[in-house]
Amino acid sequence: MKFPWKNWFQSPKQEAAISTDDTMKKFLIVGLGNPGAKYSETRHNIGFKILDQLAADKGVSFETLKLGDVATTTHKGKTVILLKPNTFMNLSGKAIKYYMKQENISKEELLVITDDLNLEFGTIRMKGKGSDGGHNGLKDTQVQLNTPNYPRLRFGISDSFSKGRQVDYVLGEWDDVERKSLQERIETSAAAALAFVHGGLANAMNAYNGK
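For the sequence shown, this note's numbering begins at 1 and goes up steadily by one.
Source of the hints: derived by calculation from the structure; they are not laboratory data.
Even glycine gets a Cβ: it sits at the ideal position worked out from N, Cα and C.
Please note that the accuracy of each hint is not assured.
Stated by the list, open to error - Computed list of lysine-lysine pairs in DSS-like fashion (alpha-carbon distance at most 25 Å, straight line):
{"no.": "1", "residue 1": "Lys-25", "residue 2": "Lys-38"}
{"no.": "2", "residue 1": "Lys-25", "residue 2": "Lys-107"}
{"no.": "3", "residue 1": "Lys-25", "residue 2": "Lys-129"}
{"no.": "4", "residue 1": "Lys-139", "residue 2": "Lys-76"}
Stated by the list, open to error - FRET-style restraints, in silico, Cβ to Cβ:
{"no.": "5", "residue 1": "Gly-133", "residue 2": "Lys-76", "range": "27 to 35 Å"}
{"no.": "6", "residue 1": "Glu-108", "residue 2": "Gly-164", "range": "35 to 43 Å"}
{"no.": "7", "residue 1": "Gly-59", "residue 2": "Asn-136", "range": "15 to 23 Å"}
{"no.": "8", "residue 1": "Met-24", "residue 2": "Gly-164", "range": "47 to 55 Å"}
{"no.": "9", "residue 1": "Asn-146", "residue 2": "Asp-176", "range": "25 to 33 Å"}
{"no.": "10", "residue 1": "Ser-106", "residue 2": "Val-143", "range": "24 to 32 Å"}
{"no.": "11", "residue 1": "Asp-57", "residue 2": "Asn-203", "range": "41 to 49 Å"}
{"no.": "12", "residue 1": "Ser-160", "residue 2": "Gly-36", "range": "41 to 49 Å"}
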């Protein structure tokens, strides 16, 4: 006779196997931006900057592969793939979809890092879903994934531009005031991304949103 209640209890070996499965999770962290030296210091490329910081913190280098620059590392026993799409901003979702499929990564293990005009400079806001907010990179990601429900980290760049100057502003370089605290904000954002990998979105949101 089989006793269903036996399944309520797990041996240390079974618990260890479950723990191992959890640590073997694979994550994809994507920084949005435009490739090329002319864009490297622009506000729109903060996603690339944060990924560069993550790679530096982990001692890994990017390699140019299909649809983007890619680096692979680990964090707390979990595999982390860093992706900077080279498709230009408007087609970011194409690269994201490709690597999610290639690496068998679910939406829950995806984090997209982007600039946001609706947040004050340097403000970090993590969410599990949301609209594209007029951001072309997020817009294409939503189309490619067929859902707005995926984790993202938004980095505030403020909206300090005059009417009709939005494109010039986001493709413009940081001003002197912003540069004074930019590096610290980048490092904090990189730490928030790793907190997402280690403890999940809810914990990362609690620790870093608004910080």
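Right, here's what the structure says about each hint:
no. : hint                          : verdict
1   : Lys-25 x Lys-38               : 36 Å, violated
2   : Lys-25 x Lys-107              : 13 Å, holds
3   : Lys-25 x Lys-129              : 21 Å, holds
4   : Lys-139 x Lys-76              : 32 Å, violated
5   : Gly-133 x Lys-76: 27 to 35 Å  : 31 Å, holds
6   : Glu-108 x Gly-164: 35 to 43 Å : 39 Å, holds
7   : Gly-59 x Asn-136: 15 to 23 Å  : 33 Å, violated
8   : Met-24 x Gly-164: 47 to 55 Å  : 50 Å, holds
9   : Asn-146 x Asp-176: 25 to 33 Å : 42 Å, violated
10  : Ser-106 x Val-143: 24 to 32 Å : 18 Å, violated
11  : Asp-57 x Asn-203: 41 to 49 Å  : 19 Å, violated
12  : Ser-160 x Gly-36: 41 to 49 Å  : 25 Å, violated
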